[in-house]
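**Q** Residue strings, one per chain:
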Amino acid sequence: MLKPLGDRIVIELIEEEQTTASGIVLPDSAKEKPQEGKVIAVGTGRITDNGEKIALEVAQGDRVIYSKFAGTEVKYEGNEYLILRESDVLAVIQ
Amino acid sequence: MLKPLGDRIVIELIEEEQTTASGIVLPDSAKEKPQEGKVIAVGTGRITDNGEKIALEVAQGDRVIYSKFAGTEVKYEGNEYLILRESDVLAVIQ
Amino acid sequence: MLKPLGDRIVIELIEEEQTTASGIVLPDSAKEKPQEGKVIAVGTGRITDNGEKIALEVAQGDRVIYSKFAGTEVKYEGNEYLILRESDVLAVIQ
Amino acid sequence: MLKPLGDRIVIELIEEEQTTASGIVLPDSAKEKPQEGKVIAVGTGRITDNGEKIALEVAQGDRVIYSKFAGTEVKYEGNEYLILRESDVLAVIQ
Amino acid sequence: MLKPLGDRIVIELIEEEQTTASGIVLPDSAKEKPQEGKVIAVGTGRITDNGEKIALEVAQGDRVIYSKFAGTEVKYEGNEYLILRESDVLAVIQ
Amino acid sequence: MLKPLGDRIVIELIEEEQTTASGIVLPDSAKEKPQEGKVIAVGTGRITDNGEKIALEVAQGDRVIYSKFAGTEVKYEGNEYLILRESDVLAVIQ
Amino acid sequence: MLKPLGDRIVIELIEEEQTTASGIVLPDSAKEKPQEGKVIAVGTGRITDNGEKIALEVAQGDRVIYSKFAGTEVKYEGNEYLILRESDVLAVIQ
Chain F
18 MLKPLGDRIV IELIEEEQTT ASGIVLPDSA KEKPQEGKVI AVGTGRITDN GEKIALEVAQ
78 GDRVIYSKFA GTEVKYEGNE YLILRESDVL AVIQ
Chain P
18 MLKPLGDRIV IELIEEEQTT ASGIVLPDSA KEKPQEGKVI AVGTGRITDN GEKIALEVAQ
78 GDRVIYSKFA GTEVKYEGNE YLILRESDVL AVIQ
Chain V
18 MLKPLGDRIV IELIEEEQTT ASGIVLPDSA KEKPQEGKVI AVGTGRITDN GEKIALEVAQ
78 GDRVIYSKFA GTEVKYEGNE YLILRESDVL AVIQ
Chain D
18 MLKPLGDRIV IELIEEEQTT ASGIVLPDSA KEKPQEGKVI AVGTGRITDN GEKIALEVAQ
78 GDRVIYSKFA GTEVKYEGNE YLILRESDVL AVIQ
Chain B
18 MLKPLGDRIV IELIEEEQTT ASGIVLPDSA KEKPQEGKVI AVGTGRITDN GEKIALEVAQ
78 GDRVIYSKFA GTEVKYEGNE YLILRESDVL AVIQ
Chain E
18 MLKPLGDRIV IELIEEEQTT ASGIVLPDSA KEKPQEGKVI AVGTGRITDN GEKIALEVAQ
78 GDRVIYSKFA GTEVKYEGNE YLILRESDVL AVIQ
Chain H
18 MLKPLGDRIV IELIEEEQTT ASGIVLPDSA KEKPQEGKVI AVGTGRITDN GEKIALEVAQ
78 GDRVIYSKFA GTEVKYEGNE YLILRESDVL AVIQ
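First to last, the protein sequences are chains F, P, V, D, B, E and H. Be aware that the first sequence starts at 18, since it is given in our numbering, and climbs by one per residue. Be aware that the second sequence starts at 18, since it is given in our numbering, and climbs by one per residue. Be aware that the third sequence starts at 18, since it is given in our numbering, and climbs by one per residue. Be aware that the fourth sequence starts at 18, since it is given in our numbering, and climbs by one per residue. Be aware that the fifth sequence starts at 18, since it is given in our numbering, and climbs by one per residue. Be aware that the sixth sequence starts at 18, since it is given in our numbering, and climbs by one per residue. Be aware that the seventh sequence starts at 18, since it is given in our numbering, and climbs by one per residue.
Each hint should be verified, as a subset may be incorrect.
A short, non-exhaustive set of chain D residues, derived as facing chain V with CB atoms under 7 angstroms [unchecked claim]:
#1 18
#2 19
#3 20
#4 21
#5 22
#6 64
#7 66
#8 72
#9 75
#10 89
#11 96
#12 100
Calculated directly from the structure, the hints in this document are not laboratory data. The model shown is predicted, which means the values in this text are computed figures rather than measured ones. Here a beta-carbon is modelled for each residue, glycine too, at the ideal position from N, C-alpha and C.
Using the sequences and the hints, build the whole thing.
**A** This is the structure we're talking about:
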């Protein structure tokens, strides 16, 4: 099992990235496209400068939308995961 | 439903971006153009280093002006939204 | 009415920007030129990491000098405004 | 009268900038040259993250040395001033 | 023995880096690949601005996944180690 | 007399800078060379976010070693000084 | 004697830097190589924003490993030293 550290979470991808028919990127469409995933594991939270541990808002099992270029891909026991910081999660789908 | 995290909000676009007849951008007009939108959902607030949660000033239903290049576009159940941080909101229209 | 958020203010321009006869910019004249405006609305203040709200020094009706390249231009009900942070205001004219 | 905000001060120039006979700038002489001025007005101080207001060390009437490229030039009622942050002041001349 | 300082840890590599058949790197695959290692020693923790010492989450003997380009390689008594900050550790393998 | 502000100090140079016979700078020798000077005046200290004033470690009369490219050269009453922040002082020579 | 300020330490080099037979640097080997040294003197510690002084972990006489490109070389009474911040020390050799 992967146990993420601090304010990190482990995500299993749900939607595939769509390939973009290339061309010059226009400023108005230059915003990063988000992706959807399912939270597999969450860290114990970040520790503030006061020594307080702030628990994560995101919980195991949540379906989340996150910024496509965030995080680090990890291959573990044949599956692919993404480990990212909670701050890279945009929203939870309810 | 999209539930944004922390100090993020979900916005539904009201005004379309205007296409700019191209040309060399002059310094005096290089300021970013803002856009208008309606707030669909707000996060629970950002947590300071003291562990305090600061509620958002912006509320669901507010019409807001925000910086055009801020945030991340999200397509959800056929609609397009923008998820951005409250700090990217310039003003509320009252 | 435009209600700016946090430590932002809404400004109505007073003096027009002067066009600069172009040429290579010399280091000694490379300082940014300020502009004058009138404060139309002010935010409720910035919130510190301690959760304290710091009221703005600038008040509605003040004539202020601000850095020309600061802020975001907003067109609202036919008028043009500038929304900027109080920290971009250099001085109040008394 | 110009009333600077926060930790800003208004300065009246005393010494003129010397024109530099151009050429390639050598590393050892690349340090910025300071200038001298007289303090015309001071802000009420910067506010820390704790909400404390820190009064300025510099007072009206002080002759100060400051970094030449700091601040913003302001023309006000026919006179030229420089508005800069106290942190750009290097020393007071006593 | 190597005793890392502060929030640093010493890692013994488990998996080798894979050589990448070169080519132009495409944006979607530009995420950094992580690596696996075993924790040999941990520092006493980072000290916050409040003077509190925050103990590490990672312990000696843990198998961890970390960002490939993080840290500094150290050759010590014929063995190769990597010294990195705990914040570069993505997850512990349990 | 020059009275430096905050955490700044005024230094009188002791050793001259050595001219470097030019050539391509090699990485291993790219570290900045320090210089020696004598402390002529010290500021009253920096003020922390808590409003505390932290007195300087360096005292008037100290001989110090500092980073060569730090600070601002000041010509005052025919003498040349260097004004720099205490944090640019590497060590005191005792 | 050299008395370093704040969180700085003075180091005497133990191992020489190895010359690298040049060539294009490959990404996977681009990590900085560390070096070994002996601690000759330590500062009194860094002062936090709360005004607390944090004593150093490293002590006089320690053999340490540090990042090769960190710090400033100092020639003092015929010997060569390196002055660097404790945060550039990776580990103590015990």
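**Q** Work down the list of hints and note, for each, if the structure agrees.
**A** Outcome of the hint check:
1. 18: Where the cut-off is 7 angstroms and the nearest Cβ of chain V is about 5 angstroms from residue 18 of chain D, the hint holds.
2. 19: Nearest chain V Cβ about 4 angstroms off; hint holds.
3. 20: Holds, because the Cβ-Cβ distance from residue 20 of chain D to chain V comes to roughly 5 angstroms (cut-off 7 angstroms).
4. 21: holds, 5 angstroms
5. 22: It holds, given that the least Cβ distance between residue 22 of chain D and chain V is near 5 angstroms, below 7 angstroms.
6. 64: Cβ of residue 64 of chain D sits 5 angstroms from chain V, so the hint holds.
7. 66: holds, 5 angstroms
8. 72: violated, 14 angstroms
9. 75: violated, 15 angstroms
10. 89: Hint holds; residue 89 of chain D Cβ to chain V Cβ min 5 angstroms, cut 7 angstroms.
11. 96: Because about 13 angstroms separates residue 96 of chain D from the closest Cβ in chain V, which is outside the 7 angstroms limit, the hint is violated.
12. 100: For residue 100 of chain D, the interface hint holds, since the closest Cβ of chain V sits about 5 angstroms away, which is under 7 angstroms.
Consistency with the previously given hints fails for numbers 8, 9, 11, ordered from lowest to highest.
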